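A.B. asks: As you go down the protein sequences, you meet chains A and B in turn. For the first sequence, the working numbering assigns the number 1 to the initial residue and increments by one for each residue that follows. For the second sequence, the working numbering assigns the number 1 to the initial residue and increments by one for each residue that follows.
Hints are all accurate, no fakes.
Label-pair restraints from in silico Cβ distances:
(1) A75(B) to S330(A): 28 to 34 Å
(2) D12(B) to S330(A): 48 to 54 Å
(3) R127(B) to R28(A): 19 to 25 Å
(4) G105(B) to P211(A): 43 to 49 Å
(5) L238(B) to S330(A): 38 to 44 Å
(6) E299(A) to A75(B): 51 to 57 Å
(7) R97(B) to Q384(A): 31 to 37 Å
(8) R4(B) to D320(A): 52 to 58 Å
(9) F247(B) to E295(A): 42 to 48 Å
(10) Y207(A) to P86(B): 54 to 60 Å
(11) L394(A) to Q248(B): 43 to 49 Å
(12) Y207(A) to R127(B): 36 to 42 Å
It is worth saying that the hints were derived from the structure and are not from the lab. If you're wondering where the values come from, they're calculated on a predicted model, not measured in any experiment. Note that the Cβ used here is the ideal one computed from N, Cα and C, for glycine as well.
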Amino acid sequence: MDIYEKLTILADAAKYDVACTSSGADRRGKRGQLGNAASIGCCHSFAADGRCISLLKVLMSNVCVYDCKYCINRRSNDVPRAIFTPRELADLTMAFYRRNYIEGLFLSSAVVKSPDHTCELMLRTLRILREEYGFRGYIHAKAIPGADPILIRQIGMMADRMSVNIELPSEQSLQKLAPDKQRSAILLPMGQIRDGIVQSKHELVRYKHTPKFSPAGQSTQMIIGATPESDYQILRLTSALYQKYSLKRVFFSAYVPVVQHSDLPAVDTKPPLLREHRLYQADWLLRFYGFSAEEILDEHNPYFDPYLDPKCNWALRHIDQFPVEVNRASYEMLLRVPGIGVNGARKIVTARRAGQLDFEDLKKMRIVLKRAQYFLTCKGRMMQGVGCDPRMALRGLLQNEGKGQAFSLGAQQMSLFAPTAEDTYQCLTGQI
Amino acid sequence: MLDRTDIVYYYDGTFDGLLCCIFASYVKKEIPLDIIDQNGGQLQLFAGKQILTEKEKARRVACGLRDKAGKQAYAMLQRGFLTCLPQKEITLLRFARAAFAQGSGILRMLSHPAVLPLANALTHLRREAELLTGFVRFTEYEGVLGSVITPKNQVLPVLARHFCDRYNAEAFFIYDRTHRQVLLHYGQRSEIRDAAAMEVPDISAEEQCLQSLWRQFYDTIAIKERYNPRCQRTHMPLRYRDNMTEFQTVVQKMPPGNGALQKRAIQQKRYGKLLQTENRSHITEGDSISGNGLYDL
Ligand code: SF4
Numbered sequence: 001m002d003i004y005e006k007l008t009i010l011a012d013a014a015k016y017d018v019a020c021t022s023s024g025a026d027r028r029g030k031r032g033q034l035g036n037a038a039s040i041g042c043c044h045s046f047a048a049d050g051r052c053i054s055l056l057k058v059l060m061s062n063v064c065v066y067d068c069k070y071c072i073n074r075r076s077n078d079v080p081r082a083i084f085t086p087r088e089l090a091d092l093t094m095a096f097y098r099r100n101y102i103e104g105l106f107l108s109s110a111v112v113k114s115p116d117h118t119c120e121l122m123l124r125t126l127r128i129l130r131e132e133y134g135f136r137g138y139i140h141a142k143a144i145p146g147a148d149p150i151l152i153r154q155i156g157m158m159a160d161r162m163s164v165n166i167e168l169p170s171e172q173s174l175q176k177l178a179p180d181k182q183r184s185a186i187l188l189p190m191g192q193i194r195d196g197i198v199q200s201k202h203e204l205v206r207y208k209h210t211p212k213f214s215p216a217g218q219s220t221q222m223i224i225g226a227t228p229e230s231d232y233q234i235l236r237l238t239s240a241l242y243q244k245y246s247l248k249r250v251f252f253s254a255y256v257p258v259v260q261h262s263d264l265p266a267v268d269t270k271p272p273l274l275r276e277h278r279l280y281q282a283d284w285l286l287r288f289y290g291f292s293a294e295e296i297l298d299e300h301n302p303y304f305d306p307y308l309d310p311k312c313n314w315a316l317r318h319i320d321q322f323p324v325e326v327n328r329a330s331y332e333m334l335l336r337v338p339g340i341g342v343n344g345a346r347k348i349v350t351a352r353r354a355g356q357l358d359f360e361d362l363k364k365m366r367i368v369l370k371r372a373q374y375f376l377t378c379k380g381r382m383m384q385g386v387g388c389d390p391r392m393a394l395r396g397l398l399q400n401e402g403k404g405q406a407f408s409l410g411a412q413q414m415s416l417f418a419p420t421a422e423d424t425y426q427c428l429t430g431q432i
Numbered sequence: 001m002l003d004r005t006d007i008v009y010y011y012d013g014t015f016d017g018l019l020c021c022i023f024a025s026y027v028k029k030e031i032p033l034d035i036i037d038q039n040g041g042q043l044q045l046f047a048g049k050q051i052l053t054e055k056e057k058a059r060r061v062a063c064g065l066r067d068k069a070g071k072q073a074y075a076m077l078q079r080g081f082l083t084c085l086p087q088k089e090i091t092l093l094r095f096a097r098a099a100f101a102q103g104s105g106i107l108r109m110l111s112h113p114a115v116l117p118l119a120n121a122l123t124h125l126r127r128e129a130e131l132l133t134g135f136v137r138f139t140e141y142e143g144v145l146g147s148v149i150t151p152k153n154q155v156l157p158v159l160a161r162h163f164c165d166r167y168n169a170e171a172f173f174i175y176d177r178t179h180r181q182v183l184l185h186y187g188q189r190s191e192i193r194d195a196a197a198m199e200v201p202d203i204s205a206e207e208q209c210l211q212s213l214w215r216q217f218y219d220t221i222a223i224k225e226r227y228n229p230r231c232q233r234t235h236m237p238l239r240y241r242d243n244m245t246e247f248q249t250v251v252q253k254m255p256p257g258n259g260a261l262q263k264r265a266i267q268q269k270r271y272g273k274l275l276q277t278e279n280r281s282h283i284t285e286g287d288s289i290s291g292n293g294l295y296d297l
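Full structure from sequences and hints, please.
C.D. replies: Here you go:
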């Protein structure tokens, strides 16, 4: 089988993996060696589905001994199989990187023979790249649950970021759909990686040149919409993962039906993109806007509003705290204003030191007032023609959201109120 | 009144030249209607003053501005010169005057009329450079990596640091076809110089093979159930795609020329031979990349 065919099979098998970011690692180039890494990450292209292509995202192999029901690579599925040799994959990575196609390698794998064997193949690839070729670009590697901790440690010394897929939002779902996997087996390497990172940071303080362990941290991902968990459950889990395992990111992957099975949504179900989108919005609120999971959703409201983003939703439910005065509100409160993102809030805080701001100033500073206007005063006054009345705000907000393309919400088509391209952009940059 | 509606400055199109215009504006106590690059090919319709470029005056303005308003304000002026802002010269002059008047406080006055257009133009420049950091595509020509871009702003000085660091061991060039400039890097040295045209040899079979591997990866990685060209366009405006491997289906052909000679020149990594260069080199050979003219993002 030639490399062209292998790449086709193994990229196709990896495409459902979502965590294609290259952020968190800062490494200058080194004379005579190829590559560097910048902590903000870099998108090199955007695929036809609008997702960022940053890394060469492939599986080492799609030959799998497991039989997870939701996965195209499961043992019982009849698909073409392939395995890269470590050398082939390292060479391909170098060739792509030199041409600035990619920021580095995203290496995952199905379980070939055993978790240990799989990890060894991956480790050999990374060794060739880092030690033989002196590659200084970004590497994201998946830890295979069940592998020897020593192997995982060695991979972590080569990679910038590691991740272990939590796969599904609850233990019951995991048992049902991925009988070969155990929650505890997934959490074990996650804990190991967390501890490795902490330890490595301590050592770095003492000895400057010790090699770093997964310096860009660890992430995970879970499939959304294949199983019955509520948004609230998912968000609580997400928040717990951030707290307990100090993850850098939790990624959500809208389930794309690949198989007919009584335990899974029917094959003609559309992937729940709007739901995934809302989860990402809420995820930004957790990480950068000082919200807790319980503020965003609760037992009585366990699902996201399809029409309103979670920040607008929160603001409307707490309308008594609004409007806030642009010239006096704390940075934290500005962050809670719908439509004002981290950049916007920072700009306001900087600019108001030089003088009182009014709406014209905000517009000039390119702060989008479309949503924010219902929640702000400047020098004590609302924008002309706008009142801080929840009904009026709601009407205005909905009008603003009323353009968009067809997205599916469960079974029914939502032609209105779907995330617009702009929303999706906001979601990527986190300026909600 | 300072503002003159009847006077236009003509200058030589260099940054030092602009600094001298600022100098003249203070000496004459006037703000001209416009400042025009005399090489720009515009008809000289207005009564104009020819502002001569003198290194010493330029240096005095640069130092003065740094003392008065700080390094950051000066960097804004430098960066502003790279933007595609219409009438950028007069905007920069107004900014410089405001910076002299206000000191470093000018940096916080985001909505000040002399700052706002510049700040927006700089955002545009930064954004374009960020995008191109990812979108630049190299093609290998017998060991040398080459790329063509068509940006709106003069991004090469901004891109240089990143690419020279990342590909420090490589020999590469990035040709900016809009501004007819090229960034050259070889043997740990970098320079940006003017180049009226750029000719490249045919690509090898091996290179074609690699390009098709990349195109195949690009096509395969998209999930068809999530097809969303609008979102794709928001992130990656169409105008960048012409220069990107994954959107090219036909192999680029070399324009007629003496292929053998060009190939030999490339082998020797003597880019100068490949380019119809003019002698307005922005950075002289031998300058390190930290030298003048290359800025951080
Ligand atoms: S372990 Fe499960 S999810 Fe992973 S490749 Fe094998 S079948 Fe798919």
